[in-house]
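Now for the letters of each chain:
There are 2 protein chains.
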Amino acid sequence: MSLTIKLHDCHLNLLNNNHLGISKPKTKVPNLKLKFRTKPIYHSDPLLSVVYNSTMHASSARPPQSAVIKSSLIDPDGGALVDLVVPESQRAAKALEAEALPKVRLTKIDLEWVHVISEGWASPLRGFMREDQYLQSLHFNSLRIEDGSFVNMSLPIVLAIDDETKERIGSSNNVGLVGPGGDLVGVLSSIEIYKHNKEERIARTWGSTAPGLPYVEEVITPAGNWLIGGDLEVLDRVKYNDGLDHYRLSPRQLRKEFDRRQADAVFAFQLRNPVHNGHALLMNDTRRRLLDMGYKNPILLLHPLGGFTKPDDVPLDVRMEQHSKVLEDGVLDPETTIVGIFPSPMHYAGPTEVQWHAKARINAGANFYIVGRDPAGMGHPTENRDLYDPDHGKKVLSMAPGLEKLNILPFRVAAYDTVEKKMAFFDPSRAKDFLFISGTKMRAYAKSGENPPDGFMCPSGWKVLVNYYKSLQTEEASQQQAVLST
Amino acid sequence: MSLTIKLHDCHLNLLNNNHLGISKPKTKVPNLKLKFRTKPIYHSDPLLSVVYNSTMHASSARPPQSAVIKSSLIDPDGGALVDLVVPESQRAAKALEAEALPKVRLTKIDLEWVHVISEGWASPLRGFMREDQYLQSLHFNSLRIEDGSFVNMSLPIVLAIDDETKERIGSSNNVGLVGPGGDLVGVLSSIEIYKHNKEERIARTWGSTAPGLPYVEEVITPAGNWLIGGDLEVLDRVKYNDGLDHYRLSPRQLRKEFDRRQADAVFAFQLRNPVHNGHALLMNDTRRRLLDMGYKNPILLLHPLGGFTKPDDVPLDVRMEQHSKVLEDGVLDPETTIVGIFPSPMHYAGPTEVQWHAKARINAGANFYIVGRDPAGMGHPTENRDLYDPDHGKKVLSMAPGLEKLNILPFRVAAYDTVEKKMAFFDPSRAKDFLFISGTKMRAYAKSGENPPDGFMCPSGWKVLVNYYKSLQTEEASQQQAVLST
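Top to bottom, those sequences are chains A and B.
Note that the UniProt record's numbering has the first sequence beginning at 1, numbered continuously upward.
Note that the UniProt record's numbering has the second sequence beginning at 1, numbered continuously upward.
Please keep in mind that the hints were generated in silico from the structure rather than gathered at the bench.
Keep in mind that the hints are not guaranteed to be accurate.
[Said to hold, decoys possible] Below, computed lysine-lysine pairings styled on BS3-like, alpha-carbon distance capped at 27 Å: (1) B:Lys447 <-> A:Lys198; (2) B:Lys198 <-> A:Lys310; (3) A:Lys405 <-> B:Lys405.
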């Protein structure tokens, strides 16, 4: 999702796409309890109201590792949600085992992938990819599973090692994984080491090998020449201790919460940018339309991406604060919204990556996925154009193998209506009344401290952004001062 | 298939791969006639013996366009073989219609694709790809068909036009296609024009954007910035008038010939290089093993690629002459071999292209496909390594969506056995006895007029190559002379 509010220019109407497999809800809601849920108790942070009321959030209540979670809405890929956290009773023994193995040191972003895999976002994947999975991902954006059907798997989820580490592993069948801070994270078993052809991986994942692709520069270029696949087990849930871990709900936790709320539809909204009123409009409009279709309790999963993002994106903590203001202000309804952090790092790989974003939300229990203009896209790093055709994301998503069971909701373009003085769906019959505010323009407003047009974003959310950019400028100024005075 | 005879280094045994879905033949051969075929009458060209005996080769006996060909061995993709040649009775009317339309001028290679599509090699594709097909091909190497299943489609089969042609087409719904010589070729109907993002197409197809990829330099770089898709109809079968058209058997003709011969297995061998005794060994060995498995009449489809190849490959006419010597010499048995030209241009796109090579042979009626080391591969254009991992081709092929019904036969490595003085399957227990003769080495032999080791290639076939390289040198010398004397 780009920061731009020129959301898209397609001609598809929201929720009016029979060819996309959207169906009326079943008249009978499974697991319907006779007693309806009581209104949740609100906490100071409205985003968390639902979470803190959920019994599943008590960390000691971890379900057994092998339990199969069945959601009333959508099955996880492969039928069972993967959970690779070693049960507490076996943790000490597993740590001893890991300690004795050759070690692989993880980067910060490797650890984000460990997080993703261990909680089942990539179900049915049970570890870093072996070569046969890597090749299927690279060539087919999908994996064939045992019953002959396909699950979507568009991004290679791989772990790179260098020559020295490969040498050290030798003929060992298993390795221990060590976090960036030196702490033991887990074990990778029945390993397979194979060549890391970076050029091919980049070209097939991004459809470009241009210098300046953020994930490539950050992760792939400095990585080793080998990939190591195997079955993952982690000693404990991955935590970041950044004050945001309570937002990091696992797919299992989200599914339980949806069930607890008796959601009969869950619509996911992936974002890596602040929420403006154009986003809010389409989320609220989606809910309204789902109600019109007969769903009784559609729940919004507002799901900001929490892993690696490029340096000029708004950082996660600022975004979470901004999102919380949007809910506090009532722009989104806390009672029908769940906010969680999606732990994946960002690839900026457009149509390839949007499949991953959607597939992971199937595993989290969402049966509707909202997709806009140029999802997971960015400007071409060396040419003056978008890296991807802005319409390809939604097209590819609607055709992708393994995503058949997910309802894709392409959304209509929203823009600032200068007459109504609010964000509204673009009306081509009075085009001149609409103002498209680009991400660059919005950032320029925030940096200069100038206000955007009334109704673009709720004032408290906007203030969060202004303060962030002000703090950046202060920081820059003091750095320049430091340089000057040395 | 590379010219090198270091065919591969994998550990898979030919016909011993249960996981690849190879099954014993059905005990009852469908369509078995009580009277067995009479021995074919041999013509001077042994490659053609089978063809010239076939009743289907009479050009007037074209079956009706809509007829569904059912083979006893393997169904065409999509269930029906596509045939886009306008019936003779409608040809004049169609030509008049085409004449009145805006025109698109085809290059020589565009026309090769017209040939490929019109005869059904790419079934169920009925024309140049529209954007939804292009995107599926690029991202998933497969197309979803109406019943929800997938057919393989790894290469984008597209037609590029420039801005001026797009302008000329305007809002017309159909265009006429004109050959490189100015002749009317056919019509493309219900057209769709969409952007030709060359960088993305190249990166996703080749897994590289390095300068020097032959098809890219020849076809894509000079092409226009738009792609035009639509339904194809051709006025007549594509002919080349190069003395080789009788080798250009359509999938329909090949299927008829397999049926006429009562083949109970057809194994296809794709090549773009001269046949040496290592190739012959594995083709003969494959037949022997198919017989061991209980097949009664396995037929080899020796299927050299006839479209665009890079300048340093041996040209088609020389290869066909060489192949004919190999059959004359009895290295391959003319009675159990059919030689045809596969009209596709070559992409040199390795694991992506080998899928196309295999898929097209399904449509031609082959139910076994032989795959060796580094299929459709080449050296990296700018680095000192193979462009593709030599084992990826066979791995990708064995996992590719839409190729499930095809038996993939990865072959064992053959090399020159210096003790036995012949090409033999490599025996690692006496590795030092084996000599790997690379393609470069072989070309060097042929250029210098030096003979390769006895038993590398039949002498008459070798002579064809030597003569070809001698003629090249003469030509070069006279060109140099011409330059010097001007």
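Right, here's what the structure says about each hint:
1. For the hint pairing Lys447 of chain B with Lys198 of chain A, the CA-to-CA distance comes to about 37 Å; that exceeds 27 Å, so the pair is violated.
2. For the proposed pair Lys198 of chain B and Lys310 of chain A, the alpha carbon gap of about 26 Å is at most 27 Å, so the pair holds.
3. With a C-alpha separation of about 25 Å, the suggested pairing of Lys405 of chain A with Lys405 of chain B holds against the 27 Å cut-off.
Hint compliance for this structure: hint 1 is the single one not met.
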